[in-house]
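As they're listed, the protein sequences go chains Y and S. For the first sequence, counting from 1, position 260 maps to 260 in the working numbering; every step adds exactly one. For the second sequence, counting from 1, position 37 maps to 37 in the working numbering; every step adds exactly one.
None of these hints come from the bench; they were simulated from the model. The reader is advised that the hints may include incorrect statements.
Below, computed lysine to aspartate or glutamate pairings styled on EDC-like, alpha-carbon distance capped at 20 Å [what the hints assert, rightly or not]:
hint, chain 1, residue 1, chain 2, residue 2
1, S, K142, S, D120
2, S, K137, S, E121
3, S, K84, Y, E170
4, S, K85, Y, E170
5, S, K84, S, D2
6, Y, K166, S, D54
7, Y, K179, S, D54
8, Y, K179, S, E80
9, Y, K98, S, D54
10, Y, K162, S, E57
11, S, K3, S, D69
12, S, K92, Y, E170
13, Y, K166, S, E80
14, S, K98, Y, E170
15, Y, K100, S, E57
16, Y, K179, S, E81
17, S, K184, S, D171
Quick caveat, the model's predicted, so the values are computed rather than measured.
Residue strings, one per chain:
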Amino acid sequence: MNEHFSINRVKDNAFKFFGIFCTLFGLIMLGVFLFSVLKEGLPRLNWQFFTSFPSRKPEEAGILICLLGTIWVMVLTSLIAIPLGVASGIYLEEYGRKNKFASFIEINITNLAGVPSIIYGLLALEIFVRIFGLGKSLLSGSLTLSLLILPIIIVATREAMKAVPKTIREASYALGATKWQTIWFQTLPAAAGGIITGVILAISRAIGETAPLIVIGAMLYITTVPVSPMDDFSVLPIQIFNWLSRPQKGFIVNATAAIIVLLAITFILNGIAIYLRNRWQKKVKW
Amino acid sequence: MDKLRAEKVNVFYGDNHVIKDVSLSITPNTVTAFIGPSGCGKSTFLRLINRMNDYIESFRMTGNLFVDDSDIYDKKIRVEELRKKIGMVFQKPNPFPKTVYENVIYGLRIQGINKKSVLDEAVEKALKQSALWNEVKDDLQKSALELSGGQQQRICIARALAVEPSIVLMDEPASALDPISTAKIEDLIYELKKEYTIIIVTHNMQQAGRVSDRTAFFYIGELIEYGDTKEIFTDPKIELTQNYITGRFG
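From just these sequences and the hints, can you work out the full model?
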């Protein structure tokens with residue numbers, strides 16, 4: 001009897017240490033990565049780096065164009081993807097009838113979230129660049145990334161709406177509220193934390209994407225600041241990709257510095273997402 | 001004039017015949033209790049009155065239901081208008097995740113009433129009616145979710161009263177509450193009778209006996225017996241009623 005228990009105890013401990021090892025493995029890898037990137041790139045982060053155009057000389061090159069490009073893309077993509085995604089999510093969850101066609105759409109939206117991003121690039125090349133004639137502009141790029149993150153936003157919206165108890169909706173209807181009033185005053189505010197978190201994570205995914213933008217032909221070498229959605233553009237990940245493929249050591253340093261900037265933006269966005277989620281959880285208790 | 005009149009009402013969920021040929025009428029300013037075992041159709045019947053069953057996709061109904069002599073399932077009736085006249089309190093307290101104040105005036109806000117003096121007055125009146133004013137008057141900006149279960153249920157009652165309905169439907173309003181909160185709700189029902197017509201679904205025989213003027217006993221979708229509460233409890237005409245009330249099945 002005792003032996004049996006002690007074997008179980010050993011198994012229990014073994015699994016605990018295995019778990020600790022797995023967790024540490026990921027953390028250590030991330031730590032090593034961050035350390036090497038920071039060590040190499042941090043000294044390169046100065047004012048000149050942020051305000052310079054691309055150049056053939058690594059020490060004169062900077063990220064101005066692609067940083068602005070990334071900001072442009074972030075804003076445009078948000079403007080396109082958030083209204084579309086949230087509205088679709090609301091429709092599917094609150095208005096759409098629950099039949100075979102609905103579940104067919106649902107399965108496909110979930111599948112879309114898993115489609116490799118380069119496929120979206122190919123689709124966008126044909127539709128936005130060629131058929132709509134938008135060229136390889138900021139607008140084309142943002143539309144492409146919007147397509148890419150729409151499924152994520154739709155799914156996040158639906159999940160957040162689904163988590164709002166049915167009793168809240170009933171209470172609202174029983175007081176004479178219409179469906180839209182119930183959504184606007186009750187369901188949506190209660191689900192806002194989840195929706196915003198999903199949206200921010202989607203946007204931070206979008207700004208790290210490279211492949212679909214390369215497919216639609218985002219320029220690698222631009223020397224004019226983008227001032228309208230129809231301008232040619234480049235973004236941080238493309239610039240990093242470009243610099244990494246150069247033989248000179250100086251460009252590798254530039255690339256790591258740009259990686260730090262990109263990471264910082266992503267971390268800040270994720271931090272905001274976590275902050276908002278916690279705040280909303282405190283406010284809305286069921 | 002009857003406040004509510006049902007004529008040969010039948011309800012189906014898909015092929016399920018859940019209410020069978022129910023006819024009854026309710027006079028104004030009375031408390032009517034619906035009793036019966038689980039699944040007997042009493043809640044379904046209650047939810048017919050403010051058309052909450054409309055959200056169930058397989059729901060189908062025949063017969064007529066009149067409130068103040070107008071057929072509430074007529075195509076011309078606007079459901080939202082109807083629900084302003086017929087308040088509802090649910091089984092589990094379900095306040096909105098908002099302040100006490102915003103909870104109470106929600107029904108007014110959605111009607112487009114935003115004048116602060118009107119809203120302030122409505123909040124005070126509704127909270128006094130639901131015997132909650134003294135407990136929460138200093139905490140109106142507190143989240144309703146921070147109140148106790150019994151207080152939350154009275155917020156829900158205040159919220160229903162604030163839109164000045166003429167009928168209040170209560171679906172087992174005290175079943176999730178402790179005895180003291182239950183007693184408060186029962187006292188409240190007695191007070192509210194003066195201004196409202198109240199219909200309450202309850203599993204608690206003593207409660208039905210204490211608060212109601214008339215009692216309707218439902219069994220498997222049929223209205224078995226309907227009459228003065230005193231009579232139903234002391235001298236039921238039908239054996240099934242007698243057996244249920246005395247606890248021989250339930």
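Cross-check of the supplied hints:
1. In summary, the hint linking K142 (chain S) to D120 (chain S) is supported, as the alpha carbons are separated by about 15 Å, within the 20 Å threshold.
2. Pair hint K137 (chain S) plus E121 (chain S) holds up; C-alpha atoms about 12 Å apart against a cutoff of 20 Å.
3. Among the hinted pairs, K84 (chain S) with E170 (chain Y) is consistent with the structure: their alpha-carbon atoms are about 14 Å apart, no more than 20 Å.
4. With a CA separation close to 16 Å, the supplied pair K85 (chain S) and E170 (chain Y) stays within the 20 Å bound.
5. Between the alpha carbons of K84 (chain S) and D2 (chain S) the distance comes to roughly 19 Å, so the proposed pair stays at or under 20 Å and holds.
6. Of the supplied pair hints, the one linking K166 (chain Y) and D54 (chain S) holds, its CA atoms being roughly 15 Å apart against a limit of 20 Å.
7. Between K179 (chain Y) and D54 (chain S), the direct Cα distance comes to roughly 12 Å. Compliance with the 20 Å bound is thereby established for this hinted pair.
8. The suggested pairing of K179 (chain Y) with E80 (chain S) holds, with an alpha-carbon distance near 10 Å, which does not exceed 20 Å.
9. Distance hint between K98 (chain Y) and D54 (chain S) is fulfilled; the C-alpha atoms sit about 15 Å from each other, no more than 20 Å.
10. With a C-alpha separation of about 18 Å, the suggested pair K162 (chain Y) and E57 (chain S) falls inside the 20 Å cut-off, and the hint holds.
11. Straight-line distance between C-alpha atoms of K3 (chain S) and D69 (chain S) comes to about 8 Å, which keeps the hinted pair within the 20 Å bound.
12. Restraint check for K92 (chain S) and E170 (chain Y): satisfied, since their Cα atoms lie roughly 12 Å apart, inside the 20 Å limit.
13. Our distance criterion of 20 Å between C-alpha atoms is met by K166 (chain Y) and E80 (chain S), whose separation comes to about 18 Å.
14. A distance of roughly 16 Å separates the Cα atoms of K98 (chain S) and E170 (chain Y); the hinted pair therefore holds under the 20 Å criterion.
15. For the hint linking K100 (chain Y) to E57 (chain S), the alpha-carbon distance of about 15 Å falls within 20 Å, and the restraint holds.
16. Restraint check for K179 (chain Y) and E81 (chain S): the C-alpha separation of about 13 Å stays at or below 20 Å, so the hint holds.
17. For the suggested pair K184 (chain S) and D171 (chain S), the alpha carbons sit about 16 Å apart, so the restraint of at most 20 Å is met.
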